[in-house]
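These protein sequences, in sequence, are chains A, B, C and D. By this note's numbering, the letter at position 321 of the first sequence is numbered 321, and the numbering carries on one by one without gaps. Remember, this note's numbering sits 381 above the position in the second sequence when you count from 1. Remember, this note's numbering sits 762 above the position in the third sequence when you count from 1. Remember, this note's numbering sits 1143 above the position in the fourth sequence when you count from 1.
Hints are computed from structural coordinates only; laboratory data are not their basis. In this text the structure is predicted, and so the values were computed from the model without any measurement. Some clues are possibly wrong.
Claimed, not checked - No more than 16 Å apart at the CA atoms, straight line, and that leaves these computed lysine to aspartate or glutamate pairs for EDC-like:
1) A/LYS217 / B/ASP754
2) D/LYS1145 / A/GLU46
3) B/LYS598 / A/GLU46
4) D/LYS1413 / C/GLU936
One letter stands for each residue in the lines below.
Protein chains: 4
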Amino acid sequence: MKRHVPLRLGMVGGGAGALIGNVHRIAARIDGEFQLVAGALSSTPEKAQQSAATLGIAEDRAYDNFEKMAETESAREDGIEVVAICTPNHLHGPASKAFLDRGIHVICDKPLTATMAQARELTEAAKSSGALFFLTHNYSGYPQIRLAREMVARGDLGKIRLVMVEYAQDWLTEPSDSKQAEWRSDPERAGAGGAIGDIGTHAFQLARFVTGMLPEKLAADLTAFVPGRKLDDNANVLMRYAGGAKGTLWCSQVAPGTENGLKLRVYGDKGGLEWAHEAPETLWFTPFGEAARKLRRGGPGTTDSAAESSRIPAGHPEGYLEGFANLYREAAAAIRAQQEGRPLPDPLLVPDLQDGLEGLHFIDACIRSDEADNGWVEVMP
Amino acid sequence: MKRHVPLRLGMVGGGAGALIGNVHRIAARIDGEFQLVAGALSSTPEKAQQSAATLGIAEDRAYDNFEKMAETESAREDGIEVVAICTPNHLHGPASKAFLDRGIHVICDKPLTATMAQARELTEAAKSSGALFFLTHNYSGYPQIRLAREMVARGDLGKIRLVMVEYAQDWLTEPSDSKQAEWRSDPERAGAGGAIGDIGTHAFQLARFVTGMLPEKLAADLTAFVPGRKLDDNANVLMRYAGGAKGTLWCSQVAPGTENGLKLRVYGDKGGLEWAHEAPETLWFTPFGEAARKLRRGGPGTTDSAAESSRIPAGHPEGYLEGFANLYREAAAAIRAQQEGRPLPDPLLVPDLQDGLEGLHFIDACIRSDEADNGWVEVMP
Amino acid sequence: MKRHVPLRLGMVGGGAGALIGNVHRIAARIDGEFQLVAGALSSTPEKAQQSAATLGIAEDRAYDNFEKMAETESAREDGIEVVAICTPNHLHGPASKAFLDRGIHVICDKPLTATMAQARELTEAAKSSGALFFLTHNYSGYPQIRLAREMVARGDLGKIRLVMVEYAQDWLTEPSDSKQAEWRSDPERAGAGGAIGDIGTHAFQLARFVTGMLPEKLAADLTAFVPGRKLDDNANVLMRYAGGAKGTLWCSQVAPGTENGLKLRVYGDKGGLEWAHEAPETLWFTPFGEAARKLRRGGPGTTDSAAESSRIPAGHPEGYLEGFANLYREAAAAIRAQQEGRPLPDPLLVPDLQDGLEGLHFIDACIRSDEADNGWVEVMP
Amino acid sequence: MKRHVPLRLGMVGGGAGALIGNVHRIAARIDGEFQLVAGALSSTPEKAQQSAATLGIAEDRAYDNFEKMAETESAREDGIEVVAICTPNHLHGPASKAFLDRGIHVICDKPLTATMAQARELTEAAKSSGALFFLTHNYSGYPQIRLAREMVARGDLGKIRLVMVEYAQDWLTEPSDSKQAEWRSDPERAGAGGAIGDIGTHAFQLARFVTGMLPEKLAADLTAFVPGRKLDDNANVLMRYAGGAKGTLWCSQVAPGTENGLKLRVYGDKGGLEWAHEAPETLWFTPFGEAARKLRRGGPGTTDSAAESSRIPAGHPEGYLEGFANLYREAAAAIRAQQEGRPLPDPLLVPDLQDGLEGLHFIDACIRSDEADNGWVEVMP
C-alpha cells in the first residue's frame, strides 16, 4: 500500500510580515501535498532565521540568500523538490533561474520578472532545465473561472465579441509608505508597471484564460494620480482581437471603496458570462433570449474540471486561498507525474512561463502605447 | 383660492405601438401637471386619428403633421402651451423648431437632433423664441442621481479622478426588424450615431450631470458587430478631462443578458460613488477608509433636492417613469414661472439645449476619433 | 371612432399631507383611465376645500363629509362613477357602504374595515349593491408576483410545502407622534391589529395570492415592543395549511434598517420561488436540481398576464406606483365591462371583498391565538 | 530560538469519501498548527488502513476502532495530543469520552452527542479529565460573526428585541440514499433530531453566540415532508427570551434552491445587524436613522478579534474552511497554553461542551414542543 508523502518545499522571500508568502504557505498546506522544509525568507540573516523558526524550518535549512539555498539544497539527499518564489518582482527572475538551473521545480509569484531581459534569461533557463515552472496567476484557480473557460471553449457564448475586464483597488488612493506599497511603487523592484504590473496582469491573464484569446493590439492611457508616484496607479486600456472582437481593461489602485474588485464580462453572439471576485462562487450565464442562470460552485451546470477544483459542497463558501491552493495541487500533480515518468496532466490549468511572458508583453505594450499618446500597439510584437 | 389647472400639452409622434410616446404620456400624467389635448401622433392620417381617439384627443385636434399642428394650435385661444416631441431623431429638430417659432414650449426626446446642422438651426430658433426647451435625458431625473450630483458638488468625493460610465443592452445582439430597431439603425432617421447616439448620449449626459465635468478629449473605438448593420452597436471610449481626470464610457447593444444596464462610478481622492440602473434607489457612497454606505432614496443622508424628486416613502420602489416624471414636473414648474413672470427655478435640473448640444458633440467626436483610428479628438472643438 | 373618456373618480380622505391618498391619485392617473372630479378629502372644511383646489376639483364638488358627497354625487348627471377610500381604517367600512348603497363603485384601501362587525355590514352592502368593490392590496399588482402566481398554479413548483412570508419596517422603532403613526397605533381608528393589520395583512394576502392557498390554522406571538404602544408592532406567526403545507409570517415595524421589506419564498417538491420588494422586478425560480433562474419583468419566461401588468421594456425599473396602477387599470376595465353589460375580465386579479374578509380573519385569528398564549386557532372559523 | 512544532493530531471517522473529515483535516492544516499522525478513520479495517495511507499516516497508527486508538496512543511517548471526532453523531459521545478519559484533548464535530444520556456521561468525563473539549460549531468562526458578537456586546444595537435566524438547504427535497443522507435520517445514528439536529443546532448556536442570549422558551412545529422519512426535515420555531426579546428559527432541508442558507438578523432598539452565509464577508449594520453600512472582513469598522480571525486582505474572499480553521487555531492556542501552564486565552471563542449541551437541549425542547402540538416549553428545563 502506497503511503502519501508530501513534496519537500522551499521558499524564497515571504518572511515575517510578508503578505504573499503566507498566502503561498497556506495554499501549499491546504491539500497536504507539500511540506515546507527550507527557506531563504529574508535577506536579513537574523530575520531569515527567526522567520524560519516560526515556520518550523530547521536551523541549517534557513538561508539568507537564494543562491546559497539553491546550491545547498540541490546537494542534499533530502533537498527540496520544489521552491516557491515570493520576493519582490525584481528577484523573481534571478531566483527562479537559480533553482531551475539545478533541476528544482519552481512555483513563482507573478509577474514573471521585472524586465523583459530577465524574462528572456528565465526562458532560456527553463528551456534547458528539466524542471517545471509555474506562475501563480491564482484567479484562474477559481472553479467558476474554470467553468467559464469551458463554456467559452464549447461554444456556449457563440463567437466572442466583447471582453470587458477590470481590477480595482483603493489602497493607493493616498500616498502610502507601507511595506507593500513601497516596493510596488519603486520601478527598481516592481518593474516598469505599477497598477498594470501588479493587478493589470492578473486581469489580462484572467481574460486570456477564460476566452483563450490574446489581443493583437491595445491602446493604453496610464496615469499616476497620486503626486510623486513614479508608476501608474490607473490604466484605461482598449483591446482589439484577431477576428474582430474588442475589449477594455481597467485597473486602478485609486478607486475608493473597491477592495480587490476583479470582474470579467464576456459577450458572444449567443450569450454572455459575468463573474466578479466579490462573489467568486457565482458565474452568471446569460444565453441570449433566455433567463439569466446563476451557476454556483458545485451546483447544477458545473463540469468535471470545475468540480475537481473544489473541496466542499455548494453553499459553503470557498475563496481566494482555495483557488490559490488549486494551483499548488495541480503543480504537485504535475511534479509527481514528471518524477514518476508519467505524462503531465492535460490540460494543465496552472499558469506557466507562457502566461508570464504574455503578461510582460502586456505591461510593455501598455507603456509603449501610453508613450505614443494612447496609440494602438502590437501586444506581442 | 387658486384652483389647479393642468398645462395644455400636445404631442408629436408617439402613435399606437410607439414606445417612447407612451413613456412621455405617463410621465406627463403622474403629477397631474399636464393634460394631453392635441397631437400629431402619426404621419399616416388614419393612424393619427385612431391614436388620438384612443387618447381622448378631440377629432379636430388630431393632426397628421406637426407644421399644421403648430400653426393651428398657436392660433387657438385654448391652444397647447407645451408640446412633447417623440418622433424618430431626424424630426426632433424640425418639429421642435416649428413650435418654438410659435412660442410654444418644447419637451423633446433625445438626442437633440440627427445632425449638427439641425442643431444649429434649432439653437437659433430657441434663442429667438420666448419659449423654453427641455430635453428628456431622463436618467438625470432619478433622486439618487441628484443626490450624487450634490455630493460631488459639495466635495464629498474630493477632487475627481475617475469617471467610469456604461450603458449596455442586448436587444440588437441579432439582426432585428422591429420598428424600434429599424429606424434606430438607419442613418437617415437616427443620425450618424447608433449605440452612441441612442444610449451613449444618455451615459455621457449622466456622467456630465453628476460630476459637472465635460471631457476635453476622447478616443473612441466604434464597432458594428452585426453583419450589415450601418451604425455602431458598440463603443469603447476613453475620456480625458481638464485637470487630469480620466474616464471610460462603454455603450453596447450587443451584450446578451444586459437590459438597460446604465451604471456610473465616480472616484475622487476622498471617496467614491456607485449607481446602477438595475437598483436605481441605491447610491453607494464609499468614503476612503470608511465602511461603504448604502444611501437609499428617501432614506438617511438624502438632500432636499433628492427628496423633492421623490413621491413615496423609502422602500416603496420608484423607477424609470417617476424619474421621467420629475423632468416633466420641473418643466411644468419652469413654464408656469415664465408664464407668471417669476424667475425660473434655480437650479433647473431638467436638461436643456446645452445638454443636447454636448450630446451631439459627443457623437460627432466619437465618429471623428473612430475615423482617425481611435485618435484623441476634442469633444467641443 | 370611439373616443376615450376617463372614468369620473371621487376620493374620500387623502387631503394635504396624506401619504396613501397621493399614492391612489398617482395610480389613478398613470394610465389615463380616471379623472378626479370630486372629493371629501378632509373632515375639516377649510382643509377639504384647500386640498380640493390644489387638485383642481371644482369648489362645489369639494365636500367635508363622505355622506354628503355620496348623496350629492349620486344625484348629479355627471356624478362620480367610482370612489377611492383613503381614510384611516375605521372609516373604510362606513364610507364604502355609503357609496355602494348608491351604486357607486368603490376602490378601498386595506384593511377592509376596522372591525368584523363593520365587515359584515359592508358585505351586506356589497351584496345588495350593483356596484363593484375593490381592495388595494397593491403588492399583488407587481408583474413578477403575477408571474409567480401563474407558475405555482401551473405546477412549476410541484406540491407546495412551505410558504415563508415577511414584511419588515423600522419606522416605529421609537415612539412616534407622526400623523401616520398616530392613527395607526390607535385601536379606535386602526382596529385591533397594529403591525398585523397594517402590513401583516399585506403579507398574508401576498402569500395567499401567489399560492392560492389559505392557511387553516395559525399560531401567533404578538408583541408591542415600544413601551406604551397599545397595538402590536411585531408578530411572529406559524401557519398550517390543508394538505400538510406549513409556513411562517413575520411582520415588524421595529426592525431597524428595513424599509418596506416584504419578501415571499415558496417551496414545493419540485422547485422554489423567491421575491423581495427591494428588487420587485426579479423573481427567482429555483427548479430542484437546476441552476437558479433570474426571471425579470418583461424578460424571458414571462407570461401574458405578467406582461400585461407592465408598461415599459425590461431593465427600465417599474415600481410600487405602477403595481398600484395595475389595480386601478383593472378596476377600470371591470367597471367599464359592467357599464357596458359585458362579462367582467376573467381572471380579475385586483383584490376584492373576499380578500378583505380573509385579512380581517387573519387579524382576528392572530389576536385570538396570542390571547391563548400562541395556541393554534382556526383562521376562518 | 524557539522552533515551531505542530501538535500531534489523531482523527476518528473521516475515512475515504467522508465529507466532514476532510473539512476537519483542511481546517487543521491551514495554519500549520497540527500534524495528522494517527487515525481510526473507518470501522472497516481495510478501509481504515487505506484511508490512513492516503493521508500519510503510518501503518502502525492506523486503527480500526477508537478504543484501541485511545489506549495505544495514550501509551506512546509520541502519542497524539489531540483528537478530532468526525463520526456519525451516535459515536461523538463514546469516542470523545475515550480520549478525554486518557487526557487527550478533543475537537468534536457537532452535535455533542446523539442522546441526552450520552451528553451527561460526556459531561462527567470532561469534568474529571484534565483535557480540553471543543465543539466545531464552525459558523461562529467567521470574522464578521465575531464582529457582530462584539457589536451586540458593546451595545451598538441597544437592547435586543428580535433574533431571526434560519438555515435552509435543499438536498433532502427528494428521498435520498446518499451516504450523507442515510445516517443523518436514521434516529439510531443521528439522534432524535433531523434538520433540527443537523443544521438547526448550528442556527441556534450562531444566534446564541452573536447575541449572548439563550431563549427561555420555544414552540416548534416539526415536519417530515418526504414520505417515509423518520426525522424532521423542516422546523418552524418561535423563541422567547428573558427580558422580552422574541425570535424565530427556521431550518429546512427541503427548500429547493437554497444551499447552506444560514442567515442571522438581530434587531435592537438602536440598530440592526444582518449576516448571510452566501456572502460571509459582509456584515450589514443598520443603526436606526442612519444609512446602512457594509462592514467587510478586514475593512473599516473591524475589531481586533475579527481581524485576528482573518488571514488575507479585504476583498480576497475567505470562506468556510478559514472559519473552520479559526476554531482549530484557537483550540491549538488553548491546548498549548494548558500544556505550558499558562492561562487559557480569554475570551476563548471556540465553542465547547456548554454549547453542545445547549444544542442538545434545543433539539430536545423542539421535540417536546412538537409533541405538545407546538406548545411553549422550557429550553433548559
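Hint check:
Restraint check: the Cα-Cα separation between A/LYS217 and B/ASP754 comes to about 12 Å, which is no more than 16 Å; the hinted pair holds. Pair hint D/LYS1145 plus A/GLU46 holds up; C-alpha atoms about 14 Å apart against a cutoff of 16 Å. Taken as a hint, the B/LYS598 and A/GLU46 pair is broken in the structure, with Cα atoms around 55 Å apart against an allowance of 16 Å. Between D/LYS1413 and C/GLU936 the alpha-carbon distance is near 9 Å, which keeps this suggested pair within the 16 Å criterion.
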